[in-house]
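*Asks:* Listed here are the chains, written in short residue letters.
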Amino acid sequence: MAYLSTIDFFEDKNFLDRWKRNLKGDLDLSWMQAKTEKIAVTPENPRRGLTFRDLDKGTYGFTNQPEFERRNRSFAPRGAELPEGLPDVQAEVSQKGEVWAYNTEGYYEEAMTRQWNATLDVPWHDLAKTELPDEISRAYAQLLTFLTEVEMIATDVPAEWMGKLNNNFTEVKNFMATQVMDEARHAEVFRKRALTTGYGLMKASPQNEISLKQIRDADSFAEMSLSLHLIGEGFVLTLFRFSEYISPTEADKKMFRLVMQDEARHVGYGVQHLKWVMRHFPEKREVIHKHLEEAENMLFGGGNALEVTEPFIILAGKGLKKENIEQGAKITAMFQLKQMEEYFERLDKCGLGERRKTSKLHRAMELTRASLQEAGVIA
Amino acid sequence: MTLDAKLSTYMAYYLEKDFFEDVDMFNLVSKVMQGDLTLRWYNADTEHVRLFPKDRERGLTYEDCNVGSYGYDHMPELIRNNYSMAPRGSELWGKLPDLGYTVNRKSEVWSDNVVALYEEAKTRRWAPAVDVAWDDLTKTPLPPNLEAAMAQLCTFLQECATVVMSVSSRWIYSINQEFLELKSYLCAQILDQARHIEVFRKRALLGGQGLKRASVTAEQALKEILGAETYIEASLGGNLMLGSFLLSVYRQIAAVAPSLAERKLFSLVTQDAARLVGYGSGHVRYYIAHLPQQEVKLHSYLDTAEHCLLGILGSEEYLEPLIILAGGGTTPAEVKTGSSRVVRFLSQTVAAYLERCERAGLQGRAQRSRLPQYLQRIIHSQ
Amino acid sequence: MSIMFPSLSFFQALQNTMRQEEARFRRLGFIDTTFGVHVLGPHGQEWRYLLAFEVFDCREVSEVRDFDLTATDFVLQGDLAAWTEMLTNIQRNKGADVEHSLNTLTHFGERLQMIYDDPDNRDKFFRFQESIQQFFDLTHTLELEFPPSVSRQTATAV
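Protein chains in written order, with my numbering: chain A, 1 to 379; chain B, 1 to 382; chain C, 1 to 158.
It is worth saying that the hints were derived from the structure and are not from the lab. Be a bit skeptical, because a hint or two may be false.
[As the list claims (entries may be wrong)] A few chain A residues facing chain B, derived, Cβ under 7 Å:
#, residue
1, Ala34
2, Asn117
3, Leu120
4, Glu149
5, Thr155
6, Met181
7, Lys203
8, Asp217
9, Ile331
Quick reminder that beta carbons are idealized off the backbone N, C-alpha and C, glycines included.
Start from the sequences and build out the full structure, keeping to the hints where you can.
*Replies:* See below:
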């Protein structure tokens with residue numbers, strides 16, 4: 001055992017005697033007078049039910065939560081009375097600013113009511129009757145292979161970090177629980193869709209995997225969240241939007257709309273978290289820039305992996321003929337430009353607009369824009 | 001370590017190259033974007049399948065996908081060939097990273113019912129904000145002593161749910177990606193527990209008494225359960241033992257619930273807890289069936305860990321409010337009724353847990369366990 | 001038209017009503033269990049019914065001579081008075097109150113007992129609890145008749 005309780009319950013006389021007394025009706029009842037705040041909560045909007053926002057009062061709320069959690073290192077829920085003797089569960093993150101995001105509680109409640117089911121909510125039976133041209137099926141199967149490949153990173157990593165957060169960060173932990181389930185669902189739906197194409201799964205993507213390992217090996221919550229929520233999922237959100245646009249069937253469009261909903265919440269958390277950090281800890285600016293440099297490298301490497309780019313070209317151009325590929329390449333370049341533009345827009349909103357001046361990714365984006373303008377694809 | 005220090009001193013992982021300076025990649029991508037595709041993925045060396053739902057009403061389940069090299073039946077006992085993110089059945093090529101998985105043996109994680117439980121968990125999801133009749137609870141408040149008891153129980157149950165959630169979340173990261181269906185089930189289990197933390201917090205705070213006292217005895221026991229050093233022990237302690245306890249508690253509270261809204265609330269959490277126990281039982285059974293020589297180690301683990309169940313059962317932050325709810329109040333007569341119901345409940349809880357152990361393949365657990373004799377000693381001291 | 005309890009027609013009526021409320025039961029999720037209902041009459045009569053649920057539906061109801069516990073997840077067994085008290089309560093309140101829910105009645109086994117062979121299969125009662133309860137709660141949409149001696153007892157007790 002990695003930990004042994006400080007009490008041996010089979011042997012502790014005080015414990016066993018007190019239990020016997022309880023069962024004889026001799027109750028202590030001191031917990032009834034627990035030194036906790038007595039507040040009333042009601043659903044502000046009965047149609048929305050009772051939400052975490054309704055509970056945001058007094059010592060129970062997240063608004064009044066102190067920046068540093070100094071007292072509670074146990075499993076006790078925020079606001080409970082903390083008697084002597086509670087174990088230290090070795091939380092590694094006990095600073096609010098490292099995890100909090102505006103609207104965390106809103107994202108959580110939304111996630112709980114917007115869970116969908118990959119097994120039932122995609123019209124699989126209809127898809128089984130759908131015949132796609134061979135090159136489209138192959139390209140789509142490859143894109144889906146990449147998508148199912150990367151999703152479980154986004155499950156593993158939040159799951160790991162959940163356990164390291166101080167238990168007082170209830171809303172953040174719960175939000176991450178919804179992300180964990182969302183990503184498992186994404187891995188599932190993309191895998192299932194690949195297995196209905198007639199081709200199954202295709203090739204893994206080493207370049208992507210090597211890049212994304214950075215997220216898995218992040219050594220702080222802040223680093224992980226920047227890499228995963230803001231950057232990785234931001235790019236994937238744009239990818240889902242484009243995938244919906246180039247989807248070969250209506251059922252696939254629906255599938256991408258559903259995954260997009262989930263992804264938008266994750267990106268929302270990432271953006272709001274960075275906003276919170278920039279507002280409350282402006283001194284972190286340079287450190288964040290340093291981190292973003294390596295994270296952008298991750299993105300650039302992964303985004304140019306041919307197991308993603310080439311199927312995208314074929315799907316966007318709707319075929320393998322020269323004219324299809326030409327058209328597909330233009331659309332793909334526009335998509336890549338869009339990915340980068342949206343990323344920098346998010347940074348602008350977080351107060352990191354100066355990133356454009358120093359970022360290699362931004363230079364790459366400008367080069368892409370220039371070449372598309374030269375080709376007459378965009379104005 | 002401050003955020004500053006964490007972000008500035010080092011990163012644990014640096015990519016093998018600066019892709020912005022990678023001329024080869026740049027040239028290759030340029031060629032591709034000019035129409036010269038490599039198509040090196042086009043003829044992937046993988047099995048061609050076209051799956052569809054066997055039961056249209058049920059949809060396309062993971063069981064439907066249990067085909068050929070994609071299926072979970074096809075997985076070997078030991079995963080030696082894949083430590084990456086590459087999905088089972090895809091073509092592995094090039095330099096795929098080692099993600100450091102430390103749980104790579106199928107019988108260490110698998111259960112024959114895990115796929116069914118995952119599909120069931122998804123369809124039986126519910127949302128505390130809207131699926132509990134909070135309005136009804138507000139309109140008919142409980143007498144203060146019953147409300148205090150409910151608030152204390154809900155405080156205690158949040159502590160338990162936190163640990164069950166942590167058992168799953170702690171191990172997912174270490175389990176090989178090949179065990180996709182199992183990892184997906186653990187994700188569903190994590191969401192179930194988050195939901196329980198949410199609903200118990202909301203119920204506790206709705207009544208106006210606030211949260212009550214955290215439980216030292218329960219938390220010490222819970223930390224010991226969470227500290228299991230192997231996944232099988234974590235599952236045995238967390239899913240089967242602790243899960244069995246929670247299933248019994250939820251059931252008991254549903255049976256003595258002071259309102260219909262609370263009956264439904266505890267009925268819904270009961271459903272989730274029953275899946276947890278179902279996986280725990282199935283997991284241990286699978287493990288013992290494939291590694292029978294390990295049964296003795298599991299018994300040995302329980303010989304030490306079962307005192308945690310005793311600790312939780314006897315925690316006053318759980319026992320006293322349960323007595324009050326079961327008896328309907330704090331008068332001597334009500335407490336007497338409550339105590340007698342709780343005595344029966346405790347015996348039933350331990351009996352049900354030991355029955356599940358036997359079913360899971362831990363033969364002779366009922367005779368070996370110290371729980372029944374200790375419980376009898378406590379009960380019969382009355 | 002009133003339906004006698006216990007009878008196959010009663011369970012068929014519940015089955016049909018469940019199908020009419022498909023959206024509600026679908027929302028509750030998959031229900032995959034086969035369980036028995038065993039009613040013990042005051043003069044040694046016995047009625048046995050098997051209810052098979054699959055996906056979102058009550059696929060089959062049948063009257064059986066005996067239960068094969070290896071093929072049945074669990075059996076809810078109780079005397080006729082207990083069953084009729086529960087159903088009358090459901091009709092009166094449009095759904096079982098806390099004292100008459102299946103969970104409460106089977107909890108300590110005083111009114112209804114749960115018979116099973118495999119505790120894992122027995123646990124399906126808990127996994128699908130809300131669906132099973134709401135299935136029986138559909139009784140409030142039916143007009144019921146009980147055997148005469150029970151009718152008099154139930155009218156007094158409830």
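*Asks:* A closest beta-carbon separation below 7 Å is what the hint needs, so does Ala34 (chain A) meet it against chain B?
*Replies:* holds (4 Å)
*Asks:* When the nearest CB of chain B is found for Asn117 (chain A), is that gap smaller than 7 Å?
*Replies:* OK, holds: Asn117 (chain A) within 7 Å of chain B, min 5 Å.
*Asks:* Does Asp217 (chain A) meet its interface restraint, that is, does its C-beta lie within less than 7 Å of any C-beta in chain B?
*Replies:* holds (4 Å)
*Asks:* Given Ile331 (chain A) as an interface hint, is the shortest Cβ-Cβ distance to chain B below 7 Å?
*Replies:* The hint is violated - Ile331 (chain A) has no Cβ within 7 Å of chain B, the shortest such distance being about 11 Å.
*Asks:* Given Glu149 (chain A) as an interface hint, is its Cβ closer than 7 Å to any Cβ of chain B?
*Replies:* holds (5 Å)
*Asks:* Does the closest beta carbon of chain B sit nearer than 7 Å to the beta carbon of Lys203 (chain A)?
*Replies:* holds (4 Å)
*Asks:* Under 7 Å, Cβ to Cβ, is where Leu120 (chain A) needs to be relative to chain B, so tell me if that hint holds or is violated.
*Replies:* Leu120 (chain A) check passes; min Cβ-Cβ to chain B is 4 Å, inside 7 Å.
*Asks:* Mind checking the CB of Thr155 (chain A) against every CB in chain B and telling me if the closest is under 7 Å?
*Replies:* holds (6 Å)
*Asks:* Is the hint on Met181 (chain A) kept, meaning its closest Cβ partner in chain B is under 7 Å away?
*Replies:* holds (4 Å)
The structure fails to meet hint 9 from the earlier list, while all remaining hints are met.
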